[in-house]
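J.: Sequence:
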Amino acid sequence: MRVAGRRLFRALVASLMLILASSANAEPITFDFTARVTSITTSGNIATLADIAAGVVVGVTEVTGSFTYELLQSSVFGEYSVAGGLQADYELQSYSLTLPTLTFNESIFDNPAAVTIRDNVNFGAGTNDQFLLSGVGVITPNFQRPVLAIILCCNSSNLSALTSTDLPEDLPLSSFTTETLTFNLEQVGPGFSNYGVRQINGNITSLSVAKATSVPEPASFSLLLMGFGVVAAARSRKRA
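Each residue of the sequence shown is one higher than the one before, starting from 13 at the first, in my numbering.
Calculated directly from the structure, the hints in this document are not laboratory data.
Among the hints, erroneous ones may be present.
Beta-carbon label-pair distances, calculated as ranges [to be verified]: (1) Asn134 / Thr73: 30 to 40 angstroms; (2) Glu91 / Phe155: 29 to 39 angstroms; (3) Ser51 / Val200: 16 to 26 angstroms; (4) Tyr207 / Ser172: 38 to 48 angstroms; (5) Ser218 / Asp178: 16 to 26 angstroms; (6) Thr53 / Ser176: 34 to 44 angstroms.
Backbone N, C-alpha and C fix where the C-beta goes; we use that ideal spot for every residue, glycine too.
With the hints as constraints, model all of the structure from the sequences given.
T.: Okay, structure coming up:
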């Protein structure tokens, strides 16, 4: 009985360690970025955007922010062929973008497939790898919608930015040949005549993984408690 009890205890400990490892691997991963602003444009009727003009005027030279996605999530539509290569689309968990006087924090999006990974595609400019992020925020009560787009492309035969359509754990800028950022603040109503856009264009100058603490998911906590309960019950029966 003692040998069986020890074996049970060891098996439970090993299972709990696997649960913790799996939970750590499934944690969200966050990237911090900085972009140098190259141009700021306006179009349409922007009079209704006057309240945020102070943060999107000439003189803004740099923006910072971050974006987060679940690393081991399944693709929204599965992997499929496109332009001679493969593509997969994933959900974006959140993004933030900070201007000198404004910060946008978005975690609800109109587009579920906000992160696209393309491996060895060819759109007429040679075979390349692409990381595309398009975070379309929801329309606010005052009819404004923030949209962040990040495009990382590698069209050099000497570089290998992506090796599959899985979400990457790292995005070293040295592996890409094009690193652009676009941020639109759109006025989308009420009425079509009120549509206007303030657009910031820039080049990403730094992109790195932010440090984060692994936190097991609720389901993992439940399994942990269940396992410890089984161990405690087994030990109680042994003492009895």
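J.: I want to verify a distance hint. Is the separation of the beta carbons of Asn134 and Thr73 within 30 to 40 angstroms?
T.: The hint (30 to 40 angstroms, Cβ to Cβ) holds, given that Asn134 and Thr73 are roughly 35 angstroms apart.
J.: Range hint 29 to 39 angstroms: satisfied by the CB atoms of Glu91 and Phe155?
T.: 37 angstroms, holds
J.: Against the range 16 to 26 angstroms, how does the distance between the Cβ atoms of Ser51 and Val200 compare: consistent or not?
T.: Cβ of Ser51 to Cβ of Val200: about 22 angstroms, so the range 16 to 26 angstroms holds.
J.: Go ahead and decide if the range 34 to 44 angstroms is satisfied by the Cβ distance of Thr53 to Ser176.
T.: 36 angstroms, holds
J.: Falls inside 38 to 48 angstroms, the C-beta gap from Tyr207 to Ser172?
T.: At 42 angstroms between Cβs, range holds.
J.: Could one say that the CB atoms of Ser218 and Asp178 fall in the range 16 to 26 angstroms?
T.: Roughly 24 angstroms apart at Cβ, these two residues keep to the hinted range, so it holds.
Violation of the numbered hints given earlier is absent; every hint is satisfied by the structure.
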